[in-house]
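Going line by line, the protein sequences match chains A and B. Counting from 1, one number per residue, gives the positions in the first sequence under the working numbering. Counting from 1, one number per residue, gives the positions in the second sequence under the working numbering.
Since the hints were made in silico from the structure, they are not lab data. Careful, some of the hints might be misleading.
As the list claims (entries may be wrong) - Below, a list of computed lysine-lysine pairs in the DSBU-like style, where the Cα atoms sit at most 35 Å apart:
| id | chain 1 | residue 1 | chain 2 | residue 2 |
| --- | --- | --- | --- | --- |
| 1 | A | K98 | B | K14 |
| 2 | B | K9 | A | K57 |
| 3 | A | K17 | A | K57 |
| 4 | B | K14 | A | K17 |
| 5 | B | K9 | A | K98 |
| 6 | B | K57 | A | K17 |
| 7 | A | K108 | B | K44 |
| 8 | B | K14 | A | K57 |
| 9 | A | K71 | A | K98 |
| 10 | B | K9 | B | K44 |
| 11 | B | K14 | A | K71 |
| 12 | A | K98 | A | K108 |
Said to hold, decoys possible - Just a sample of chain B residues kept apart from chain A, beta carbon distances all over 12 Å, derived:
| id | residue |
| --- | --- |
| 13 | K14 |
| 14 | G16 |
| 15 | Q17 |
| 16 | G53 |
| 17 | Q85 |
| 18 | T86 |
| 19 | S94 |
| 20 | E101 |
Glycine included, each C-beta is placed from N, C-alpha and C at the ideal position.
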Amino acid sequence: KNQVEQSPQSLIILEGKNCTLQCNYTVSPFSNLRWYKQDTGRGPVSLTIMTFSENTKSNGRYTATLDADTKQSSLHITASQLSDSASYICVLGRGTYKYIFGTGTRLKVLA
Amino acid sequence: NAGVTQTPKFRILKIGQSMTLQCTQDMNHNYMYWYRQDPGMGLKLIYYSVGAGITDKGEVPNGYNVSRSTTEDFPLRLELAAPSQTSVYFCASSSRGQGDEQYFGPGTRLTVT
Numbered sequence: 001k002n003q004v005e006q007s008p009q010s011l012i013i014l015e016g017k018n019c020t021l022q023c024n025y026t027v028s029p030f031s032n033l034r035w036y037k038q039d040t041g042r043g044p045v046s047l048t049i050m051t052f053s054e055n056t057k058s059n060g061r062y063t064a065t066l067d068a069d070t071k072q073s074s075l076h077i078t079a080s081q082l083s084d085s086a087s088y089i090c091v092l093g094r095g096t097y098k099y100i101f102g103t104g105t106r107l108k109v110l111a
Numbered sequence: 001n002a003g004v005t006q007t008p009k010f011r012i013l014k015i016g017q018s019m020t021l022q023c024t025q026d027m028n029h030n031y032m033y034w035y036r037q038d039p040g041m042g043l044k045l046i047y048y049s050v051g052a053g054i055t056d057k058g059e060v061p062n063g064y065n066v067s068r069s070t071t072e073d074f075p076l077r078l079e080l081a082a083p084s085q086t087s088v089y090f091c092a093s094s095s096r097g098q099g100d101e102q103y104f105g106p107g108t109r110l111t112v113t
């Protein structure tokens, strides 16, 4: 069983709509939790970072939340754009070199 | 800054062939990593390095080798390629470990037939 599970696996929304992606984890403890955006054919790029004691972090239209009690994080995208079409990956940083990657959610934004 | 660069972008190998995937970073980062990304799976760590001359195995090191002779370069060597090594390979770097932001290269798509 993966230590970091993401849902849904894929999602299709219309441009301008909001959406929320989920990340459930069993990893404990951890240094921080990041959300990455991965465009097709490219490497992941960091969107937000939260330490285990933070509840929320925003980056423009992207807002990440973290609930340490339920071991859940979410990424909320507001007023989606076509350029938001990508995979979104939840990553927990742990220890000196250890990063635990979720399986990702593939988002498609349609015009 | 170019960030993290990888070559080649695509490669097709026959079973039993060998090749080296190149990775270079120009951010003077101490930590470098090699991951593979298989469809529907999270990135898996193959090898990592905490500085020039120091490398160590990750989760899935079998069939691979690395070296780190300089801070900038971290090549990944595949010996005796097998179909199970068909994947997308990403090189990444970070200033330190401990959850620091990783900067990823564009990836190398490798097919072994």
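Going down the list of hints, with the structure as the test:
1. A:K98 <-> B:K14: 32 Å, holds
2. B:K9 <-> A:K57: Distance ~34 Å between K9 of chain B and K57 of chain A Cα, so the pair holds.
3. A:K17 <-> A:K57: 20 Å, holds
4. B:K14 <-> A:K17: Status violated; Cα separation ~46 Å.
5. B:K9 <-> A:K98: Roughly 26 Å between the alpha carbons, so the hint for K9 of chain B and K98 of chain A holds.
6. B:K57 <-> A:K17: 43 Å, violated
7. A:K108 <-> B:K44: 25 Å, holds
8. B:K14 <-> A:K57: 47 Å, violated
9. A:K71 <-> A:K98: 19 Å, holds
10. B:K9 <-> B:K44: Given that 35 Å is the threshold and the Cα spacing comes to 19 Å, the pair holds.
11. B:K14 <-> A:K71: Violated, at roughly 44 Å.
12. A:K98 <-> A:K108: 30 Å, holds
13. K14: 24 Å, holds
14. G16: Given that every Cβ of chain A is farther than 12 Å from that of G16 of chain B, nearest at about 28 Å, it holds.
15. Q17: Non-interface label on Q17 of chain B holds, nearest chain A Cβ at 24 Å vs cutoff 12 Å.
16. G53: 16 Å, holds
17. Q85: Q85 of chain B is indeed farther than 12 Å from all Cβ atoms of chain A, at 19 Å.
18. T86: At roughly 16 Å from the nearest Cβ of chain A, T86 of chain B sits farther out than 12 Å, so the non-interface label holds.
19. S94: 9 Å, violated
20. E101: The claim breaks: E101 of chain B does not keep its Cβ more than 12 Å from every Cβ of chain A (closest is about 5 Å).
Hint compliance for this structure: hints 4, 6, 8, 11, 19 and 20 are not met, and every other hint is.
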